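Given chain A, put chain B in place with the hints provided.
These protein sequence lines map, in sequence, to chains A and B.
All the letters of the first sequence, read from the start, carry residue numbers 1 to 194 under full-length UniProt numbering.
All the letters of the second sequence, read from the start, carry residue numbers 1 to 1059 under full-length UniProt numbering.
One or more hints might be untrue.
With beta-carbon atoms standing in for the labels, derived distance ranges [stated by the list, open to error]:
| id | chain 1 | residue 1 | chain 2 | residue 2 | range |
| --- | --- | --- | --- | --- | --- |
| 1 | B | V949 | A | H123 | 49 to 55 Å |
| 2 | B | K15 | A | G184 | 56 to 62 Å |
| 3 | A | L59 | B | E665 | 53 to 59 Å |
Chain B is nowhere near these chain A residues, computed Cβ spacing over 10 Å in every case [stated by the list, open to error]:
| id | residue |
| --- | --- |
| 4 | I12 |
| 5 | S77 |
| 6 | P103 |
| 7 | S108 |
| 8 | S125 |
| 9 | K153 |
Calculated lysine to any residue pairs in the SDA-like style (CA-CA distance at most 25 Å, straight line) [said to hold, decoys possible]:
| id | chain 1 | residue 1 | chain 2 | residue 2 |
| --- | --- | --- | --- | --- |
| 10 | B | K1038 | A | N13 |
| 11 | B | K502 | B | P516 |
| 12 | B | K461 | A | D16 |
| 13 | B | K988 | A | M60 |
| 14 | B | K1038 | A | P143 |
| 15 | A | K188 | B | P356 |
| 16 | A | K170 | B | R1026 |
| 17 | B | K988 | A | T192 |
| 18 | A | K188 | B | E341 |
| 19 | B | K252 | B | E341 |
Read the hints as simulated data drawn from the structure, not as lab findings.
It should be emphasised that the depicted structure is a prediction, and the values quoted were computed from it without experimental measurement.
We treat Cβ as the ideally placed atom computed from N, Cα and C, and that holds for glycine.
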Amino acid sequence: MAEIQNSNPTIINAADLPTRLRPTATRKSEYGGIFTSALPLAPVDFESALSSDSEDDNLMEEPIDEQEIYDLISSISDPEHPISLGELAVVSLPDIAIKPTLPDVLDSPLQTVTVLITPTITHCSLATVIGLGVRVRLEQSLPSRFRMDVRIKEGTHSTGDEVNKQLADKERVAAALENGALMGVIAKMMETCH
Amino acid sequence: MSALQSFMLVVDHDKEEAKRIAEGIAQDVETKKATLIDTVQSLGEYINDEDPILRGKAISYLTAIIKAFSPKYLSRQQIQVLTTFFCDRIEDGGAVDGLQALQGLDRFNKFLATQVAQAIFSNFQDLQSRSQTQRFHVYQLLNDLMSNHRGAMRDMGEISLLGIVDIMTGEKDPRNLMIVFSILKVVMVEWDISSHVETLFDSVYNYFPITFRPPPNDPYGITAQDLKGRLQECISSTRHFAPHAIPALLDKLDSTSPNVKKDALSTLIACIHSYDPDTVSKYSITIWEVLKFEILNAQEEFLSENSLEALQAITQRLSEGVTEVSQELPLAKFLQPITKECNEQLQEPQNKKAKPAQSILSCVAAASPVSFILVVQTVVAPIFTLYQEADGIVKQRALLETLNVLFEAATTVFGQWTTRGGEAAIENPLLEFKDQFSDLFGQALMGAAKEEVSFRVTALKGFLRLSTLRNFFQENEIGLFVQYLDEILLKEESVGRNDLKKEAIAALAEISKHKPRLIVDITFPAFVATLPEEDEGSDALYLPTLETLAQISVERDIFETLFRRLFSKLSILLQKEQPGSVAYPRAILATLLYVMQQRNMEQDQSVDLYFDRVVVGLCRDVAAAAAGKAKNRILNDPTVLDTLGRLCNLLVRSVSIQKQEKVAENVYSLFSEDFVPIPFTQTTSADQERTIIVSTYLLAGLSKDCSDKIPHTNPDMSALLLDLVHRSVSSTEPATHQAYLRHLALLVNKFLSKQDVTIAEKLFDSLLQSRDTESQSLSPATIRTIFWLSKALILRIAPTTTHIITSLLALLSSQDQQTSATAAQGFSIILGEDDILSATNGATIRLLCRQRLFTTVIPLISSRIREVNIAGTDDSTAAPKSPDHIKPSHLTALAGILSTIPTALVMPELPTLLPLLLQSLDLQTADSVAVRTATLDTLAVIIRDNGVVVIDQCGHVQSLVTRLLKTTATNVGPGAVNSPRLRADALKCLNLLAKYQVPGAAANARVPPGISPLLPVKNQVLRSLRAVLDDPKRDVRKAAVDARAAWLRGVDDAPEEEE
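Extracted from the complex, chain A is given alone in its bound form (with noise of 0.2 Å):
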């Protein structure tokens, strides 16, 4: 393994990191609290837990936003060390960005994700399997009528330019995961992600 090129990066604390609020005790009228442990509610035998989730529920989308493209890529592993790129601030959700590809077509599903990455010192060699990892994450866990847009972002790193044009290129991208080194450490990378 090669010299760590940044031994002492700046670390976020977990808490601090940006989470989806789930909506808590939705329904108000029950106890969402402590006792419901002490207290199942009036027992029901027959006519068991049919409307668990009711068909309001059911209908309501929701649909694929910035923060669940957060979720889906801050938990990759820096490939340097045992921390994750949310931790690292290598990602973080104001550098994500989701739009309709074809702006001018009504009703195009097709959706354009734009993720930009912060590598912690300007001069990281490491950045391109990075934006390497973020990609491939995206591509397996995001449905075919998304198109992935993973650059460095403007002004972090001394030669962002050559490495966004090697992330932008899809014959250079194709054949890097044909290598099956650089795949084991994207694979490594992606272990911690859940």
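Chain B in isolation, oriented as in the chain A frame:
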């Protein structure tokens, strides 16, 4: 033929016979029929033979005879002669054994021991070229000499030392090494080794690191760990080794193999524990310089943990006997570079290396009071400075975390308020900073912006640590913290996930263990004051308050206060004409119930008081309310009665048998003289009938010994049971109906005597016969009664259990759709958990009842479904086509039973069961959602516990995967429904399939050798899941992503290369 000749003939193939011959001779010698000299002389013609095998056999003959002598027979002189004889021929087989027998005798002396040792050292220079067994015998002899004649061996000095090292050098067999290491350890510890330290050290260190791997089937019964342990004892045995051992071990930390590093670290730790403090001190800083790297740049968690352990061990050794703090101490000199390094790393406390620096400080500070003082002296002041200069809250928080780590170490060293004994003689150095801490943490907790939850949580945790630290804060200072917590809980809005409030509650609960008075004096008045007189119908703001009170009131004194306060609130409510919503009294009762469940009420001295107030007092009120004599209808509400019932149940269980007998007598009259009890009453109002809820809970709490005190049970229970059956079949209010069912089941299961069980069985049959003769239908209420009665009987495995089960199954085939469907749902009741008919309440639940039900039901359901399937496909109208509802009903019943049975029971039946489960997944309509959910749950457990293999063995991988994939689809056609929960569950099963290709394998486990049974369907799964990635529901998409990743990663054709 002489005895010698016959011995030599048989010795190779018949050990027993050889032994018998030798014993014969020994006896002859002992009884003076022969002489020892003759016996020795008889060897004459063989012991000089050319053939070593012949010589060996002859010597073995003598050895066998010696072994057969009684221990005291041989005289000193004889022993001497024999020893010399054997020593001369020590290289011949059997001689070593003979010597071993001789040296164990009482008359064997020191001089002889020396002679034997000499013989070994001079004759076995070539030991390593001999066979393993021979070497083993020699080592054993040496080992025995070492234990029986240690003085003699030690007096030989360097002769024995070098002799032992010489003959063992080059030994490779693990069995032999186990002995060799233990012999060498004695030499190292007890001999004067000063002039041979290096020789001795090298003789063992050559084996480091141990790379031995036991061969398959483990023929020696020796593990690598055994060898490592013995070797480690040698290396750490004497401080003289330190100049060689410590640099060598530190060198090994450069290895690329984590296992070698691990061995080196654990040996290093053993050395630190074993060498004397002066020696440890000499190398302490060198060790730190090396370990620093391991900790700050941790590659593997366990290496950093072991390194920290080593640092802590050094700190502890250097603290031994130190009572005065001074900078001249070796301990201080050792800690200086450590605290310096940590202080540097903590300059940027939010960087990666700050965390390991904190761990280092924590482990050395917690090692001893003196080390704690030294660390605090150098670390705390700079942190204050950094905190003041910090440019952001993130950095400040990281600094608070560092302080928290120190507080934790302080707790280890000085203990908490509740720690008994062992007070440190030295004053806590943190006291110097007490006021500063109080200000800093108070400011951080209460002064920071409300959104900075994680910052405030960190401050809260630090404050809590200090508040529980023994002899640190004054009462009023902890009181201030309690007030802060009250304020957070009562006045602040919730932010985000409510973490701060959760922590605040936990902190109050923690403080309640140490300083209960503060909670009673400060928190209670503040909280109780916010409780309303009645529920005015707006948001139930009292609920969070009650929840908090419940969680902090587990301590005895606090609970008494809670009970008094809440009970008086409740009493006032019961007297009101307009008491507002019943949710409020119910919540009050639930609070008391929750706390009582957390406490051990049987041990509580005030339990009789609670019993009188709640069980006797409130039950009377219930009776009064039922008779319409109460001021309001709180105690007429079924949910209030249910909660009250649970409370009574718990208290009844906790009181003496005398009190329980009183309860038994009053179970229906509810301690009232003018209340008309339910059983056998002709006219009853709904209010009156509802008291059965409380009665049932009272009955459940009683011991079985109270059976004969229960009213209406003489001469037997038949009349009472019949009355209850009528009432449960005819009652209309759900809560009352449920209570009747349970009451009936409780009597039958717990209180009905063995000889009277037939009463219940007859009731069961008569209920079944009550069906409508034309439509074959039974009312739902009747079916429920039947099932509850069955539950009571099956749990105690009544004699007619099989008859009961088959009768229940027959209901499923009823022509009446309603009857069949209701009965199908009933099957989950039989073994389902129930709060009343529970083991806690002393219900009769026989161990084998689950197995009994399951093994009876499965074949019957399986064959019935096969019949239905055949009848469905058969065109010939010979067999009457059964109604469509029969198959779903059977599958529902199956799902109900499976959900209440441990998978261990399910596994043997898997080949029968799996096709049924697959058919359950084929159901598509909305009303089958529950069945399919239960089926997926069962499948998930089966896969998790047993892996794909079991499914592959039944040949169902392909059909299972196809059905799971079908269940993940959103649009499946008209009338068909896959709810989001179902889709997510199916994906979970797919995920588990890929994760558990080997039984019991954890996530991310290695792919099993050979080709995965999932490989043929891999592409199909990946393709289908791609579409599911676009599911409208987020949870489903998440499950799809995880499942797809598991298949991409885990399902492979080629096994991965061994490392």
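10 Å cut-off, C-beta based - A:S125 kept clear of every residue in chain B: It holds; A:S125 is separated from chain B by about 19 Å at its closest Cβ, greater than 10 Å.
Given hint A:M60 paired with B:K988 - CA-CA distance at most 25 Å: This hinted pair holds, its Cα atoms lying about 22 Å apart.
Restraint status (C-alpha distance of A:K188 to B:P356 at most 25 Å): 23 Å, holds
Distance restraint between A:K188 and B:E341, which requires alpha-carbon spacing of 25 Å or less: Violated - the C-alpha atoms of B:E341 and A:K188 are around 32 Å apart, more than 25 Å.
Status of the given 53 to 59 Å range, CB of B:E665 versus CB of A:L59: Taking Cβ atoms as reference, A:L59 and B:E665 lie about 57 Å apart, which means the hint holds.
Range agreement (Cβ of A:H123 with Cβ of B:V949, hint 49 to 55 Å): Roughly 50 Å apart at Cβ, these two residues keep to the hinted range, so it holds.
Outside-interface status for A:S108 - nearest CB in chain B farther than 10 Å: Nearest chain B Cβ is 14 Å from A:S108, so the label holds.
10 Å cut-off, C-beta based - A:K153 kept clear of every residue in chain B: 20 Å, holds
B:K988 paired with A:T192 [C-alpha distance capped at 25 Å]: 18 Å, holds
Restraint check for A:K170 with B:R1026, where alpha carbons must lie at most 25 Å apart: Satisfied, since the Cα-Cα distance of roughly 20 Å is no more than 25 Å.
Given as non-interface: A:I12, which should sit over 10 Å from chain B by C-beta: At roughly 8 Å from the nearest Cβ of chain B, A:I12 sits no farther out than 10 Å, so the non-interface label is violated.
Proposed proximity, A:N13 with B:K1038 (alpha carbon, max 25 Å): Distance ~24 Å between B:K1038 and A:N13 Cα, so the pair holds.
Hint compliance for this structure: hints 4 and 18 are broken, all remaining hints hold.
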